[in-house]
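Position chain B relative to chain A; hints supplied.
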Amino acid sequence: MSEFTREQVRKVATLSRLAFTDEEADAFAEQLSRILVHVEKLGELNTDGIEPSPHALVLTNVLREDERRPSLAREAVLMNAPEQEAGCFKVPPIIQES
Amino acid sequence: MANHPTPEQTSIARLSDALSKNKASSRELTESYLSRIQSLDSRIGAFLHVAPELALAQADSADAARREGKNGPLLGVPIAIKDNMCVEGMPTTCGSRILENFNPPYDATVIARLKAAGAVILGKLNMDEFAMGSSCEHSAFHPTSNPWDLERIPGGSSGGSAAAVAARLCAATLGSDTGGSIRQPAALCGVVGLKPTYGLVSRYGLVAFASSLDQIGPFTATVEDAAIMLDAIAGHDPLDSTSAPIEKLRYAESLKHSDGIFKGLRVGLPKEYFIAGTSPEVDAAVKAAIASMEAAGAELVEISLPHTDYGVATYYVVATAEASSNLARYDGAQYGHRAKDAKNIIEMYTRTRTEGFGAEVKRRIMLGTYALSAGFYDAYYLKALKVRTLIMRDFENAFRQCDIIATPTSPTAAFKRGEKMNDPLQMYLSDIFTISCNLAGIPGISLPCGFTEGGLPIGLQLLAPAFQETKLLQTAHAYEQSQEWWKRTPNF
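Listed in order, the protein sequences are those of chains A and B.
Residue 96 in my numbering sits at position 96 of the first sequence; the count goes up by one each step and never skips.
Residue 1007 in my numbering sits at position 7 of the second sequence; the count goes up by one each step and never skips.
Don't read these hints as lab results, they were simulated from the structure.
Predicted model only: the values in this text are computed from it and were never measured.
Ideal Cβ positions, reconstructed from N, Cα and C, are used throughout, including at glycine.
Some clues are possibly wrong.
Unchecked claim - Below are the SDA-like pairs computed for lysine to any residue, each with C-alpha atoms no more than 20 Å apart in a straight line:
{"id": "1", "chain 1": "B", "residue 1": "K1343", "chain 2": "A", "residue 2": "T14"}
{"id": "2", "chain 1": "A", "residue 1": "K11", "chain 2": "A", "residue 2": "E23"}
{"id": "3", "chain 1": "A", "residue 1": "K90", "chain 2": "B", "residue 2": "Q1334"}
Said to hold, decoys possible - Pairwise CB distance ranges (calculated):
{"id": "4", "chain 1": "B", "residue 1": "G1454", "chain 2": "A", "residue 2": "T60", "range": "46 to 52 Å"}
{"id": "5", "chain 1": "A", "residue 1": "T60", "chain 2": "B", "residue 2": "F1141", "range": "36 to 42 Å"}
{"id": "6", "chain 1": "A", "residue 1": "L63", "chain 2": "B", "residue 2": "N1344", "range": "34 to 40 Å"}
{"id": "7", "chain 1": "B", "residue 1": "A1328", "chain 2": "A", "residue 2": "E44", "range": "27 to 33 Å"}
Chain A extracted, bound-state conformation (with noise of 0.2 Å):
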């Protein structure tokens, strides 16, 4: 169950937008197998009646008014930009003709 085999390390890949050679994918597999096996402690835990904490601190969302503010210059947003055209990031296409 928390083995990580060199399949379940390919649907993860997938999720995560990373590819692996075969060796990489088993070297992964091996690694985080281990690493996992750690993390399972926590299954020794009764946390029945816990409530999670996602942060620390109580913190509440924090508003403001809808009102325009300074921005960023459209240059300097586009100043690292692997590729542009008309004042917008050019990427490869989204959606494919079928």
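Okay, now just chain B, sitting in the frame of chain A:
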């Protein structure tokens, strides 16, 4: 053996005093540090980027401001910044190829505040890639060496930040701490490293690793200097929605009232932090430090933090889950590396990330993605968040019985380069003493408390309740000044 300046000569407080009295100009100081970096950093590898022109321009502005009558503890003082905080005009790589040529179009809030205080930024410092690591060996560019022994690691992930202060390549630095990444390298490099309470220092412009854990903090040669840096960077920021809406305190000022702090101070010693597996020299040095506090009037209280052993497991679910989400943005679309000739968007994402990220980052993204994925979310992520509540309660209970908690920062002194690279889990377990503090959000500081027989620094960790940096800094300052450890400087 070079003759390096000591903290007595080059602490922020000392430099600021010299600048106020016109014994040196900021330009002279900056030139002198740039020269040191040029001749010495090849041995240490602390810097990823040095910005002489920008730094000298800032130095000249500081000198001009001083001539107009301005002053301040950081005016004209040269510092450097971990490479995961945005500084306009310099690259921010996070130690990663995926951001190798990324030039941020804005300053992080902490940077804006340091600039407003007149500090001079010399450059950006090496780190484990995306702050994931404990040795600085996971930087995509080069490892950093520990100035006390060049064959050993400086700790991580803020390895460059710690090493630069220890090697006196600048007066102070900023680092970030998610699971110990300020405190552990501070201990291993014999300097002061402070992780403030979560929310005290703005994260705007800090490249996010784990959003509920990350905090920016200073590395300095003395506790007083850490207080000076905290004064400059702490305080509510409307640009960070997790920034605490509390009133800012005056930390450096408060150190003047540290006399007698130990009388009646209840110092908690958690039994889970004094265990086999800690090196005998570390154990002895930390115990000697605690004994000196007792001799000064402190009351030692044995306490328990019963969920300590679950800290690493909790952290490696929570932090990796948050990281898998935070690092999803590195996809080649808007900045950073982009894989060439991708035929469609998914191929661009996948090849960009596969080419751009190192092994440790990939490992953690995978772990986090797995923990959040359908069918595993409850067993891993939700479970870890519940254990986090238990860890928080451990500290709440402990702080009813004591005022400050004292522990070793790291179970060992600096290890040799390559020693732990084969077993990621071994590396993770070395964070056992620092990790719970981030999960609970409380502040922690590491400061020197001794040296091994081989001359390697040993760090004492002090923890305080949330937002009690004043008490934490006063205690640390009083201990530091009662000893001579802070005066030593490495001989690389």
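Go through the numbered hints given earlier and state which of them the structure violates, listing their numbers in rising order. Per hint list: zero violations.
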